[in-house]
Structure formats: C-alpha cells, structure tokens
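Enquirer: I would like the entire structure built from these sequences, with the hints used as guidance.
Protein chains in written order, with this note's numbering: chain A, 55 to 325; chain B, 55 to 325.
Read the hints as simulated data drawn from the structure, not as lab findings.
Please note that the accuracy of each hint is not assured.
Note that the list lumps identical chains together, so a pair holds whenever it fits in one copy or between two copies.
[What the hints assert, rightly or not] Derived lysine-lysine pairs resembling DSS-like cross-links, with alpha carbons at most 25 Å apart:
1) K296 / K306
2) K247 / K296
3) K59 / K84
4) K79 / K59
5) K317 / K59
6) K306 / K89
7) K84 / K306
8) K296 / K259
9) K84 / K100
10) K89 / K79
11) K259 / K89
12) K317 / K79
13) K296 / K79
14) K306 / K126
15) K89 / K59
16) K59 / K100
17) K181 / K100
18) K100 / K126
19) K181 / K306
20) K317 / K247
None of these values were measured; they are calculated from a predicted model.
2 protein chains.
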Amino acid sequence: MRRSKRLVLLSKFLSDNPNRIFTLKFFGEKYDAAKSSISEDLNIIKDAFLEGGEGVLETIPGAAGGVRFRIKRPPEEIENFLSELCDLLSDRSRIIPGGYLYTTDIIFSPEYASRIGEIFAQIFVEKEPTCVLTVETKGIPLALMTAKALGVPLAVARRDNRVTEGPSVNISYVSGSSQRIQNMALPTRALSKNARVLIVDDFMKGGGTARGMIELVRQFGAEVVGVAVLMGTALPEEKLVKNYVSLIVLEKIDPEQGIIRLKPIELAVKN
Amino acid sequence: MRRSKRLVLLSKFLSDNPNRIFTLKFFGEKYDAAKSSISEDLNIIKDAFLEGGEGVLETIPGAAGGVRFRIKRPPEEIENFLSELCDLLSDRSRIIPGGYLYTTDIIFSPEYASRIGEIFAQIFVEKEPTCVLTVETKGIPLALMTAKALGVPLAVARRDNRVTEGPSVNISYVSGSSQRIQNMALPTRALSKNARVLIVDDFMKGGGTARGMIELVRQFGAEVVGVAVLMGTALPEEKLVKNYVSLIVLEKIDPEQGIIRLKPIELAVKN
Numbered sequence: 055m056r057r058s059k060r061l062v063l064l065s066k067f068l069s070d071n072p073n074r075i076f077t078l079k080f081f082g083e084k085y086d087a088a089k090s091s092i093s094e095d096l097n098i099i100k101d102a103f104l105e106g107g108e109g110v111l112e113t114i115p116g117a118a119g120g121v122r123f124r125i126k127r128p129p130e131e132i133e134n135f136l137s138e139l140c141d142l143l144s145d146r147s148r149i150i151p152g153g154y155l156y157t158t159d160i161i162f163s164p165e166y167a168s169r170i171g172e173i174f175a176q177i178f179v180e181k182e183p184t185c186v187l188t189v190e191t192k193g194i195p196l197a198l199m200t201a202k203a204l205g206v207p208l209a210v211a212r213r214d215n216r217v218t219e220g221p222s223v224n225i226s227y228v229s230g231s232s233q234r235i236q237n238m239a240l241p242t243r244a245l246s247k248n249a250r251v252l253i254v255d256d257f258m259k260g261g262g263t264a265r266g267m268i269e270l271v272r273q274f275g276a277e278v279v280g281v282a283v284l285m286g287t288a289l290p291e292e293k294l295v296k297n298y299v300s301l302i303v304l305e306k307i308d309p310e311q312g313i314i315r316l317k318p319i320e321l322a323v324k325n
Numbered sequence: 055m056r057r058s059k060r061l062v063l064l065s066k067f068l069s070d071n072p073n074r075i076f077t078l079k080f081f082g083e084k085y086d087a088a089k090s091s092i093s094e095d096l097n098i099i100k101d102a103f104l105e106g107g108e109g110v111l112e113t114i115p116g117a118a119g120g121v122r123f124r125i126k127r128p129p130e131e132i133e134n135f136l137s138e139l140c141d142l143l144s145d146r147s148r149i150i151p152g153g154y155l156y157t158t159d160i161i162f163s164p165e166y167a168s169r170i171g172e173i174f175a176q177i178f179v180e181k182e183p184t185c186v187l188t189v190e191t192k193g194i195p196l197a198l199m200t201a202k203a204l205g206v207p208l209a210v211a212r213r214d215n216r217v218t219e220g221p222s223v224n225i226s227y228v229s230g231s232s233q234r235i236q237n238m239a240l241p242t243r244a245l246s247k248n249a250r251v252l253i254v255d256d257f258m259k260g261g262g263t264a265r266g267m268i269e270l271v272r273q274f275g276a277e278v279v280g281v282a283v284l285m286g287t288a289l290p291e292e293k294l295v296k297n298y299v300s301l302i303v304l305e306k307i308d309p310e311q312g313i314i315r316l317k318p319i320e321l322a323v324k325n
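Expert: See the structure below:
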C-alpha cells in the first residue's frame with residue numbers, strides 16, 4: 055500500500071479510536087508495512103493533527119507503549135463553539151411554559167453531542183477516567199460521546215429498577231431543586247470496584263442528581279474523578295456538588311419578558 | 055499546506071461527517087488550496103477508503119453538488135462482526151433471572167454502538183432518511199450512532215410527557231409481548247411534517263413498541279422509511295410490524311439449561 059493511502063486509513067483509524075494506545079506492530083500488520091514506514095506516517099499525521107487543531111498524537115514508551123491520539127482543540131475554538139451554542143440557545147422561541155429552556159434538539163443532535171462530548175473528554179482526560187456515568191434520559195447522548203472520545207465504556211443509571219438488567223444497586227436521593235425524593239438504579243455489573251468515574255449530565259440546578267450519582271458510585275466502592283454538565287444554573291450558587299464543570303451558565307430565564315441569558319465558560323483558564 | 059497534511063485532515067473531516075455533501079470550494083477555503091489540488095486529494099482518499107473497506111466517496115453533480123462520504127463496509131466484514139457479537143452475547147452468565155438477556159454493556163459501549171449504528175445506516179441510507187427516531191432508554195445509543203452515520207438529527211420519544219420539553223404528541227399503544235397499555239410522547243418540535251423517519255431500537259419481541267413509534271410518526275404526518283432493531287426474537291413469528299431489519303435473531307433462551315441461541319442475519323442478501 056502506498057504512503058498516501060496509508061496516511062488516509064491511519065488518520066481515519068486514529069480519529070475513530072481516540073485515547074487508546076496502539077503499537078507500531080499492530081499498524082504494521084494492519085497495513086502490511088514496515089514499522090519504520092508506519093513511524094514516518096505517524097510523524098506526518100502528528101504534525102497535521104497539531105496544525106489542524108485536532109489534537110495530539112502521543113508516543114507512549116515502554117512495554118505497554120505505542121501511539122495514542124488525544125483530541126485537543128485550541129481553547130479559542132472551543133470558546134467560539136460555546137458562544138455559538140449560547141446564541142442558538144438564547145432564542146426566545148426556546149422558552150417552554152413553566153420557565154424551562156428547550157435544549158433537546160441540541161442534546162440529541164449527533165453533531166453537537168459529539169462536539170460537547172469531545173470538550174468534556176478534553177477537560178477531564180488527565181484525570182484518566184475509566185468509565186463515564188450518566189442517568190437517563192437527556193444525559194445519554196452527551197455521556198456516550200464523552201465515553202467515545204475517552205475510549206472508555208458508558209454506564210447509565212435508570213430512574214427505576216429494570217427486571218431485564220438483573221441485580222442492581224438502588225439509591226434514593228433528594229432532588230436539589232424540587233426537594234422531591236427520587237430513585238436511581240445501576241446494574242451491579244455496570245461498574246467495577248476500581249473504576250475511575252466521570253459523571254456527565256445535561257443540566258444542573260441544585261446538584262441533587264449529580265450528588266445522587268456520586269453516592270451511587272461510592273456504593274460500588276469506585277471513585278468519582280469529575281462531574282461535567284453542559285448547562286448549570288447560576289442560582290442557587292451553593293450546589294449539592296462542590297466541584298463540577300459547567301460549559302454554559304444559565305444566568306437568567308424570564309418567560310414573561312422572553313429573556314434568556316447564557317454565558318460560556320472561559321476555557322483558556324480551565325485548560 | 056502540503057498534500058500529505060491535507061490528506062490527513064481531509065480524511066478525518068470526511069470520516070467525522072459521513073453522508074453529508076461538501077463542495078470543493080468549501081475544502082479549498084478550509085485548507086487554503088486550489089480546487090484542482092483538492093480534487094486530486096479526494097481521488098486518493100476515494101481509492102484508500104474503497105481499498106480499506108471504509109466506504110465510498112461519491113461525487114454529486116449539479117448546483118447542490120460536491121462530494122459525500124458514505125460508510126460502506128464489505129458484507130463479509132459485517133457478518134463477521136455480527137457473528138462475534140452473537141458469541142459474546144451467548145455467554146450464559148448473561149442470562150438474567152426471568153429469562154432476559156443482559157445486553158446493556160454492549161449497547162452502551164461507544165465502540166459497539168458506533169459499529170451497529172453504522173450498519174443500520176449502511177442498510178437504510180438509500181431510503182434517504184432525514185431523521186432517526188427511538189424511544190428511551192436502551193435504544194438511544196444505537197439510534198444516536200445511526201443518526202451520526204447518516205448525518206441526520208435524532209428524535210427520542212419519552213415514556214411519559216415531560217414538562218421541560220413543551221407541547222407534545224402523546225399516544226397509547228399495546229405492548230406486543232406483555233399486552234399492557236403503554237404511553238409514548240414526542241415534543242411537537244422534534245419532528246417535521248415532511249420528515250423521512252428511520253425507527254431504531256435495541257430489541258423487538260411482539261413489535262408493539264415499534265408499532266407505537268410508527269403511529270407516533272403518522273400523527274406528525276411524517277413518513278417511516280424503515281425499522282431497524284439490533285435483536286429480534288424468532289417467536290412470535292408474526293410481529294405487529296411487517297417490515298423490519300433485525301441484525302441478530304434470538305432463537306432461544308433457556309434459563310434452566312443455560313442455553314442462548316442467536317443467529318446473525320446474512321447481509322450479502324440484504325445489501
């Protein structure tokens with residue numbers, strides 16, 4: 055296979071499998087080429103991904119070593135994307151009676167969900183999560199795309215216990231905003247004891263749901279390495295979760311006057 | 055930018071945005087290159103994607119024309135993947151008390167969900183779906199990845215009506231297997247009247263849920279262009295849905311004897 059074709063297929067493969075380590079030997083066999091040729095290919099790809107703002111191709115030394123592609127976009131690009139998202143979400147036609155904001159089309163859009171998941175992954179990759187956890191329903195697309203970008207599995211807690219998923223760990227928690235008691239269940243086989251869990255959700259107000267997920271992870275004896283939400287409300291300032299990253303802050307929503315005020319986080323600081 | 059770098063970034067871009075049309079002008083501006091150079095790049099990528107079994111890069115003529123990457127894997131490769139999946143799912147430790155099969159880890163795995171979604175997309179792309187529809191919860195990862203592979207949005211019906219999503223169309227339907235009456239709701243803004251809808255779900259037994267989704271689509275005045283499920287039971291043979299594609303047939307599950315019998319579909323025929 056000629057170099058140009060290998061470059062195309064290698065680029066696609068690395069892009070499809072972010073944050074996972076592959077050996078030169080693996081690629082050599084896959085593309086029927088000498089390790090030295092693959093090594094040269096990877097140098098070209100490394101420069102291109104860097105120059106194109108896609109991410110970094112890292113060389114991991116040692117016996118378990120190889121190369122790994124990590125998505126890493128320039129902070130300005132992410133901030134621009136979040137600003138656009140804020141503009142899109144500030145359209146007053148999105149106000150739902152009761153003072154809610156319609157975000158479903160964004161969250162269920164594969165394109166937006168991918169980009170948001172990649173941002174979460176980029177922010178938390180250094181914490182080395184081995185699993186992403188969310189709770190049904192609207193958190194799932196973002197959490198799935200985050201897990202994809204991190205190259206790790208996804209676990210989804212259910213609002214009620216499902217007979218089709220076997221034994222589960224169940225918890226009750228108080229929703230931070232509505233003060234109602236809610237349930238959450240996760241199959242016992244969904245999470246291992248030594249998991250490093252990144253919690254992902256679409257929205258946070260009081261933080262009760264995220265707190266519930268933290269409690270659920272503790273019941274498995276696993277560790278929470280981060281909490282990421284797409285949108286968090288400015289108020290209440292004190293949430294039930296201390297450390298979390300919210301890409302967008304919902305500062306105000308006024309159904310009467312048709313005002314929505316959103317602010318993207320500044321990533322140059324966070325990153 | 056040198057050709058080799060353009061090849062890397064173009065390959066990644068096309069791979070990240072399947073089934074969407076982009077003009078040479080767009081790429082020329084994006085990578086600061088002459089249209090003739092981009093055209094040569096695309097020819098190399100076309101050959102590589104074809105040779106690597108990734109898919110086809112099509113040239114669409116006319117005013118709205120350009121190039122489009124469609125995922126198209128060799129039928130044998132898909133059949134091998136489905137055979138592996140059947141082996142994985144036939145492990146008797148997956149039998150849940152009550153005679154269910156634990157599939158959650160597969161469905162929520164970004165890697166498996168991607169591959170399954172890409173297969174659904176490949177099978178139905180000629181029907182030109184403009185939207186993918188599923189119902190919460192386990193259908194979501196597969197449906198999202200199908201929508202991503204088709205470059206179209208996803209709509210998710212909820213089991214109950216959510217105040218946070220505004221006005222919705224609600225239907226009641228009878229579950230084919232349990233004969234219970236169930237509800238399904240979809241926000242009115244989630245689906246347009248001229249949508250061509252591909253319905254995706256993880257599992258089908260009696261077909262009641264899929265039938266419910268078909269009814270929901272009709273209420274919007276839209277059209278169903280296909281029904282795709284990962285796993286369908288062999289019995290009952292007569293389902294409430296006439297035309298559907300099931301990648302895996304669950305022929306038998308016997309909790310007492312620990313027997314699971316699964317069969318992948320033959321794609322050489324279907325494709």
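Enquirer: Compare the structure with each hint and give your call.
Expert: Each hint, compared with the structure:
1. For the identical chains of this complex, K296 and K306 are intra-copy neighbours only, at 21 Å inside a copy versus 49 Å across copies, given an alpha-carbon limit of 25 Å.
2. Taking identical chains as interchangeable, the C-alpha atoms of K247 and K296 lie at most 25 Å apart only when both belong to the same chain, with a minimum of 23 Å there against 45 Å between chains.
3. Taking identical chains as interchangeable, the C-alpha atoms of K59 and K84 lie at most 25 Å apart whether they share a chain (13 Å) or sit on different chains (21 Å).
4. Within a single copy, K79 and K59 get their C-alpha atoms as close as 18 Å, and across copies as close as 23 Å, so both meet the 25 Å cut-off.
5. Taking the shortest Cα distances, K317 and K59 never come within 25 Å of each other, neither inside one copy (44 Å) nor across copies (36 Å).
6. Taking the shortest alpha-carbon separations for K306 and K89, neither the intra-copy value of 57 Å nor the inter-copy value of 47 Å comes in at or below 25 Å.
7. Taking the closest pair of Cα atoms, K84 and K306 never come within 25 Å of each other, the shortest separation being 53 Å inside a single copy and 37 Å across copies.
8. In this assembly of identical chains, K296 and K259 lie within 25 Å of each other by CA distance solely inside one copy; the values are 13 Å within and 45 Å between copies.
9. When the C-alpha separation of K84 and K100 is checked against a cutoff of 25 Å, the pair qualifies both within a copy, at 19 Å, and between copies, at 19 Å.
10. Within a single copy, K89 and K79 get their C-alpha atoms as close as 6 Å, which meets the 25 Å cut-off; across copies the closest is 37 Å, which misses it.
11. For the identical chains of this complex, K259 and K89 are neighbours neither inside a copy (52 Å) nor across copies (50 Å), given an alpha-carbon limit of 25 Å.
12. In this assembly of identical chains, K317 and K79 lie within 25 Å of each other by CA distance neither inside one copy nor across copies; the values are 47 Å within and 34 Å between.
13. With identical chains, the CA atoms of K296 and K79 are never at most 25 Å apart, being 45 Å at best within one copy and 48 Å at best between copies.
14. Proximity of K306 and K126 under a CA criterion of 25 Å is satisfied in neither setting, with 31 Å inside one chain copy and 46 Å between copies.
15. For a Cα distance limit of 25 Å, the shortest separation of K89 from K59 qualifies both inside one copy, at 16 Å, and across copies, at 20 Å.
16. In the homo-oligomer, the alpha carbons of K59 and K100 lie at most 25 Å apart both inside one protomer (16 Å) and across protomers (9 Å), since each shortest distance falls under that limit.
17. Only within a single protomer do K181 and K100 lie at most 25 Å apart by alpha-carbon distance; the minimum there is 23 Å, versus 38 Å between protomers.
18. Taking the shortest Cα distances, K100 and K126 sit within 25 Å of each other inside one copy (12 Å), while across copies they are farther apart (27 Å).
19. In the homo-oligomer, the alpha carbons of K181 and K306 never lie at most 25 Å apart, since the shortest distance is 32 Å inside one protomer and 43 Å across protomers.
20. Taking the closest pair of Cα atoms, K317 and K247 never come within 25 Å of each other, the shortest separation being 37 Å inside a single copy and 34 Å across copies.
The structure fails to meet hints 5, 6, 7, 11, 12, 13, 14, 19, 20 from the earlier list, while all remaining hints are met.
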